[in-house]
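Each chain, letter by letter, is given below.
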Amino acid sequence: MIGRRNLSIGVRSLLALVLVILAGFPVFWMINTAMTPVGDLYSNNQRIIPDFSRTLNIFQVLVSDSPFLRWLGNSALVAGGTTLLSLLLACLAAYALSRYKFVGKGLMTFGFFATQMLPEALLIVPLYSMFMTLGLLNELYGLVLVNTAFAMPVAVFLLKSAMDTVPYEIEESARVDGCNALTILQVMFIPLIAPSLAAAAVITFFDGWNEYLFATTFIHDTANWVASTGLASFIGEFTTPLDMVFSGAIVFTIPAAIFFLLMQRKIVAGLTAGSVKG
Amino acid sequence: MVSVMPQARPARTKKRVRSAPYIFIGLAVLYLLFFTAFPLLTGVNLSFTNSKLLNPSAGSYVGFDNYTALITSGAFMKSVYTTLIYTVATVIGCLVLGTASALVINGFLPGRAIARTIMVLPWAVPTVALALVFRWIYNDTNGIAGDVTQGLGLGQVGWLIDPNYGMLAVVIATVWKLAPFVMLIVLAALQSVPEELYEATRVDGADAFTTFKQIVLPQIAPTMRVVALLMTIWSFRRFEIIWLLTGGGPVDATTTIVINVYRQAFNNGNLGLAAAAGVLGLLLSLIVTVVYFFVEQRATKANGIES
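The listed protein sequences derive, respectively, from chains V and P. With my numbering applied, the first sequence corresponds to residues 4 to 281, in that order. With my numbering applied, the second sequence corresponds to residues 96 to 402, in that order.
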């Protein structure tokens, strides 16, 4: 609005164009590289305009005999597990924070926020020895357990602020009818906060989908690798053709990108809710 | 200890501790205690031992030896310095670029929806994919960044192999990914600036810069401070993007505290020393958070606004 009045739309359009090119370039380059024959890549011959006749080559990575499809499947399992576990715990916790006063509430809220500050690199050392003792290393559900610890607090903040907007009258009447809290949560709250629940689901899913540090440290067996570790293993390795590597990167990025773009406002709200309001 | 529903009527208030909220929140709290608080305490405990990765339980207590070793070692102090440089550069870069982008895209613009989507896109790309493409862009023989620097007459820059450029390369990639996040938040804040304020300055005939400084900036300043804190804390603990781009190199140029911790633990196997470095890193982000809340309180008082 500052611009609408004082800068001409022309200047702003020009600046926007520059920003769009800057922001879009690496993604464009990822696509372009995936569409370029390997020979051209290494002879300093990469075209600026992609060869769109090679579009379908990108998806060949899915049907080739590389283990990529299996890694994607593992990522989906880890991400799905993280989502289910996080939402189950977060729904209950958010309900308590939104609807009850109790001793220790402030401390617990602070505790949820504090987890956002902990460096994974510090926790990973003791977690590694814990997981070794518990036999969780090399297991996909081990990743689900550890990812949930980092994804769930964000879901708690997001769901709590959604539940805060639900009027009290709704549950009062249900309470008179003799419904217990758990039934009220299930039957009345979940449908009302469905959009926020969907946002929380997307956030936690892609926490699990994108996660790399724990996956690369805890999983040694290549069959149990997830897509992030599989893709990262191509770094500094020269046997896999580069166009194939970038095809994998695109296939890995597409679901994350689509959901992030659809949910961007909700995600920002979720990430900042804890610190702005708490 | 009265626990009541926030808006419950007096008749419904019961003088007993309700178990329901504790059961509901208890699961999540126990979960976090087990997977974050307990490892955190174990980590602090480890930092006073000489434990090794191969046999973590065989270490013995060495008091503050690890901490003394770290503080007197040039390598650790350099990683603190590197962390600060990385943090300041990325936070400033993201705030400036993100705010500028938000100002440009706010209000009517032809093709605004498409422009906005493309500008947010970097934030949606998973870090591993981002690292792969930036490594290729920075590639010292075939990368397009080299073509650009050669075109500008700067010659071939070894972005990821020259210690003078490693940090810049990592900062650029980080800013590219995170400035869109700042843009989204600032954009939301801009949309809550009351229209009357613009009207007033328009009557006064103020130019764009004056309007920004006197009207827009004070309105979005609280948001910017929160974003700055979040970005700072995240920068202190950021691992993946640095690890995947440079692994802490070239020649330690991008070895931040967390990279140091990870190398110490999983490359050198010194769990005790790694844990001590991690604890010092955590203390650093605690200090920043405390300073933030102090500054925030003073700013709130100065403005006479109740937080």
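In short, the hints are calculated from the structure, not lab data. Among the hints, a few may not be true.
Just some of the chain V residues that point at chain P, by a computed CB distance under 7 Å [unchecked claim]:
| id | residue |
| --- | --- |
| 1 | L18 |
| 2 | V23 |
| 3 | V30 |
| 4 | G109 |
| 5 | M111 |
| 6 | F116 |
| 7 | M120 |
| 8 | G181 |
| 9 | S231 |
| 10 | A235 |
| 11 | P258 |
| 12 | A259 |
Stretch-level coverage of chain P by chain V, calculated; a stretch enters the list once three of its residues show a Cβ under 8 Å from a Cβ in chain V [stated by the list, open to error]:
| id | segment |
| --- | --- |
| 13 | 250-259 |
| 14 | 275-288 |
| 15 | 364-371 |
Ranges of calculated distance between the beta carbons of each label pair, as one might list FRET restraints [as the list claims (entries may be wrong)]:
| id | chain 1 | residue 1 | chain 2 | residue 2 | range |
| --- | --- | --- | --- | --- | --- |
| 16 | P | I180 | V | P194 | 37 to 43 Å |
| 17 | V | R73 | P | N150 | 39 to 45 Å |
| 18 | V | I173 | P | M172 | 55 to 61 Å |
| 19 | V | S46 | P | F388 | 55 to 61 Å |
| 20 | P | V386 | V | D224 | 42 to 48 Å |
| 21 | V | F116 | P | G158 | 29 to 35 Å |
| 22 | V | Y144 | P | T212 | 51 to 57 Å |
| 23 | V | S46 | P | L125 | 54 to 60 Å |
| 24 | V | A226 | P | G250 | 34 to 40 Å |
| 25 | P | G169 | V | D224 | 37 to 43 Å |
| 26 | P | I180 | V | P170 | 48 to 54 Å |
Being a predicted model, the structure only gives us computed values, none of them experimental. The C-beta atom is built at its ideal place from N, Cα and C for all residues, glycine as well.
Status of each hint after checking the structure:
1. L18: holds (5 Å)
2. V23: Holds. Min distance 5 Å.
3. V30: holds (6 Å)
4. G109: Hint violated; V/G109 Cβ to chain P Cβ min 12 Å, cut 7 Å.
5. M111: holds (6 Å)
6. F116: Status violated, d = 10 Å.
7. M120: Interface hint status for V/M120: holds (5 Å vs cutoff 7 Å).
8. G181: violated (14 Å)
9. S231: With a minimum Cβ separation of about 5 Å from chain P (threshold 7 Å), the hint on V/S231 holds.
10. A235: holds (5 Å)
11. P258: With a minimum Cβ separation of about 10 Å from chain P (threshold 7 Å), the hint on V/P258 is violated.
12. A259: Since chain P brings a Cβ to about 5 Å from V/A259, closer than 7 Å, the hint holds.
13. 250-259: Coverage by chain V is violated for the segment 250-259 of chain P (0 residues, Cβ < 8 Å).
14. 275-288: As far as the segment 275-288 of chain P goes, the hint holds, because 7 residues have Cβ atoms under 8 Å from chain V.
15. 364-371: Our answer is that it holds, as 3 residues pass the Cβ test (under 8 Å) against chain V, meeting three.
16. P/I180 / V/P194: 37 to 43 Å: violated (50 Å)
17. V/R73 / P/N150: 39 to 45 Å: For P/N150 against V/R73, whose Cβ atoms are near 33 Å apart, the range 39 to 45 Å is violated.
18. V/I173 / P/M172: 55 to 61 Å: holds (58 Å)
19. V/S46 / P/F388: 55 to 61 Å: For P/F388 against V/S46, whose Cβ atoms are near 56 Å apart, the range 55 to 61 Å holds.
20. P/V386 / V/D224: 42 to 48 Å: holds (45 Å)
21. V/F116 / P/G158: 29 to 35 Å: holds (32 Å)
22. V/Y144 / P/T212: 51 to 57 Å: At roughly 36 Å between Cβ atoms, P/T212 and V/Y144 fall outside 51 to 57 Å, so the hint is violated.
23. V/S46 / P/L125: 54 to 60 Å: This hint holds: roughly 59 Å between Cβ atoms.
24. V/A226 / P/G250: 34 to 40 Å: violated (45 Å)
25. P/G169 / V/D224: 37 to 43 Å: holds (39 Å)
26. P/I180 / V/P170: 48 to 54 Å: holds (50 Å)
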